[in-house]
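Chemist: Join the two chains, each given in its own frame, into one complex according to the hints.
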Amino acid sequence: MLRVSHLGKTYGEGEEAVEAIGDVDLEVAENEFVCVVGPSGCGKTTLLKCMSGLLPPTSGEVRLHDERVEGPPERMALVFQEYSRSLFPWMTVRQNVAFPLRRKKLDKAKGRELVEHAVRSVDLTGFLDRYPWELSGGMQQRVAIARALAYQPEIMLMDEPFASVDAQTRADLEDLILEICREYGVTAVFVTHDIDESVYLGDRIVILTPAPTRVQEVLDVDLPQPRDQVETKELPEFAQLRGHVWRSIKRKQEGKAPEAAATSSAG
Amino acid sequence: MSARRERLLGSGLEIFVPLALLVLWGVLSAGSTTYYFPPLTDIFTAFKDNWLFSRVGSDVVPSLTRMFAGLGIAIVVGVVAGLLLGLSRRARLAADPILEFLRAIPPPALLPFAILVVGVGDGMKIFIIALVCLWPILLNTIDGVTGVDPTLRETTRVYGVPRGDRMWRVMLPAASPQIFAGLRTSLSLALILMVISEMVASTNGIGYFVLQSQRTFAIPEMWSGIFLLGILGYTFNAGLVLIERRVLRWHRGARASALG
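So the sequences go chain by chain: A and B. In terms of the working numbering, the first sequence opens at residue 1 and continues consecutively. In terms of the working numbering, the second sequence opens at residue 1 and continues consecutively.
Derived by calculation from the structure, the hints in this document are not laboratory data. There's no promise every hint is true.
Derived list of chain B stretches under chain A, where covered just means 3 residues or more per stretch with a C-beta under 8 angstroms from a C-beta of chain A [said to hold, decoys possible]:
| no. | stretch |
| --- | --- |
| 1 | 147-156 |
| 2 | 165-171 |
| 3 | 245-253 |
Built from N, CA and C at the ideal position, the CB exists for glycine as well.
For reference, chain B alone in the conformation it holds in the complex (with noise of 0.2 angstroms):
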């Protein structure tokens, strides 16, 4: 009983101190003339103008059809490769220091290079996305597939499990709670680069939004394109957690009965 008012006391200040912080800013800032600090019922008229939904075909689907691509292809490279690099060790040896260079370059230095390379259009957006979201899968991938354990291990070798059957219906499911935690990180960094690359090259897209109202004075759609990033944001992490519930709920069954 206790534990259910637990939750519910829980959930209730996760929507009540948002709409708090929400009713305070619009009471501090209604009648507001600072420029930069227009009253919040300006930006939300502006994001009903903008978002609701004249710009979702000019503006948000460009933008997140580059950030699910970016992303796309960084999972599926950053699994296979991390599991084909976790499987050999003379491999990953071999890799090893090549990864740690490339991924401790500051991922916007790229975009120069992106552009020259890859132009200005949606491959340059799409390929920088993908190119910083890969480390964390990658790397999480790698350290899974290393850290399974050796009796794990033992027994597939034991019944002679064949290579694909080992490297799709063991390593992978094995290493999923790692490759989880590098998604999250790699699902904020797309968000990021989205708005990075959008800002530096581009016609259209959210953070061709938010700069070029900035750059027209249009505060209060500046704002609201932040805004909608932040909501953007918020949302993908909440449905990236629904996905890691439901792939990952053996990992929590099985590591609940090990502590119990």
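Next up, chain A with everything else stripped away, as it sits in the complex (with noise of 0.2 angstroms):
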């Protein structure tokens, strides 16, 4: 469905150039939840304004059901990690929903309709008539969620949304968003530093290498479905995918496989 072949991103030019981007391929497929994790600074949120069509790379492409992404797409929704200052503070909670569908012309009915639907999904109908800004940050997260489902995309891509709320939260968040885009059948990309996060999330998670970025390894998750927060989290499976996530990290961080840049698949 989404295809990322041989992208690369370079930021300024001649002697001031840093490479942010080395090459990267990856695929994700329909209904897919993909975790893409790497080591802090590794290029991960370039990765993503490059697959929303937000920057342009600087080599390779990205395609969209073999159409090549120029600018964002339609059926793409983005979740960026800092929900206030992504919502607009001068609209309320329905407002902020509503808004992206005003491009999509659709009848008062149908839009409030969907609308409704998505900030119901996130449980916050009662708060539809408040501002974004009397919210707490997870229910502010959820409203950006909300916005992104009412707008009906095909895949969504999320940038460390739970990397500033609580724990508790953030936990409550991560089933939330399973549960989601089991309903509304969208396919993920969730980008994360958080290790546990990508592997109970993931049906596929994605490591990357530190700058100039590269997959450094593909991994198949098979937990089983649907997840659970304590159960999924005690399986012997869970913690060993955990490790080797962990390990593949940390190797490629102290540098003891620097030639090994090419990409190995394992699982």
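Modeler: Pasting the structure below:
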């Protein structure tokens, strides 16, 4: 569905050029939940911005359904880490969620239904007429997720969406996002630096190297569905996968295998 | 509780201090024989005779019409041009030196030019008020638009928000705190320019009245005009603050929640 081939991104020119992304290949299949994980500062956000068409790649390309991505596609939504800066503070929750639908020229009743359904999915029905800044951080991020859902994307990209909420809220949001993606039949690409989160959420994990970013390893996650915060995390397979990802990132960071830049695939 | 007392004390002082000053003025000036500083009671009498309400139609209304027409034009042109320039880096680069030059010209210096071009009627006064009030609004709008959070910009791009919506529903509200800051400056400029333009070439208006009273040695009348201008300026500013509070309620809320 989404295919990234030989993607490279260099910021600046000449001597000041910084190669953020070296050469990334990856593919996301329909209805898949792919987690992208890597050490901090490894160009995860840059990769996501290239995938969403917000940033033009320096080399290579991104294709959605075989169509080259030149700008943000209509079938794609993006959830940012900084929820408080991506919601419009002068709009209520309802207006925020409804705003992207204006371009779709739906009739009123249909639009209203989409908005209310999305808001119900994230359990915020009672807060439709509140302003985002009247809500807690976790609730604000749920508004951002509802806005993405109401837009009816086929694929949703998320950039460390739960990085700035507390642990309990985070666990709740993780379960919520899994449930929602299943309900809406949305394909998901979820960028995170949290290894546990990537194993818990993902059908597949893409492990990135430090910048200039390449794909270090792609890992299938065979944990049973639906995932459960306690039971899944108690499984020996969970611990094993977690250890595997951990070592994979560490090994690369410590530079023990600087030459092994080529993509290796395990699992 | 203490916050409420603090507020009560604040508004108490706000009313008490001016009143006390007036009383002091009244007492000190009572029986004054100095020509230029007549007793306050004389000024009040002149105020009542002129502004309640015999000259409202002949002077106050024309003055305020000019002022608000000029300010209105400045707001419309300033906000629209500011949004357009704010959205286009290239247009901004091209316009910047011209804007900086034009706004550096002291406004009264443009009066002779305005008289030449538009004549001495209302058109000239509205023109000069609009021209001067334009800059704070225009430059603040540009600042506001260029300062919009990058994440917010990216959000509008991801969701393919159409151009018109982006301008009126995203950039305009996002820049509105800055626009209001410019508006406050422009409002006081509008009052100043109204008075100046009426002193240069006019047959009515509050500015004309003040100058004319001085020339005919009607000193209490002159003072009453100055008083009226002070009252008008204060009232307009208070009105703008009220409007701003309503329109920017979200801004204060968002800021408070970001700090707390």
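Chemist: Indicate, hint by hint, whether the structure satisfies it.
Modeler: Hints versus structure:
{"no.": "1", "hint": "147-156", "verdict": "holds (count 5)"}
{"no.": "2", "hint": "165-171", "verdict": "holds (count 3)"}
{"no.": "3", "hint": "245-253", "verdict": "holds (count 3)"}
Violated hints: none; the structure is consistent with every hint.
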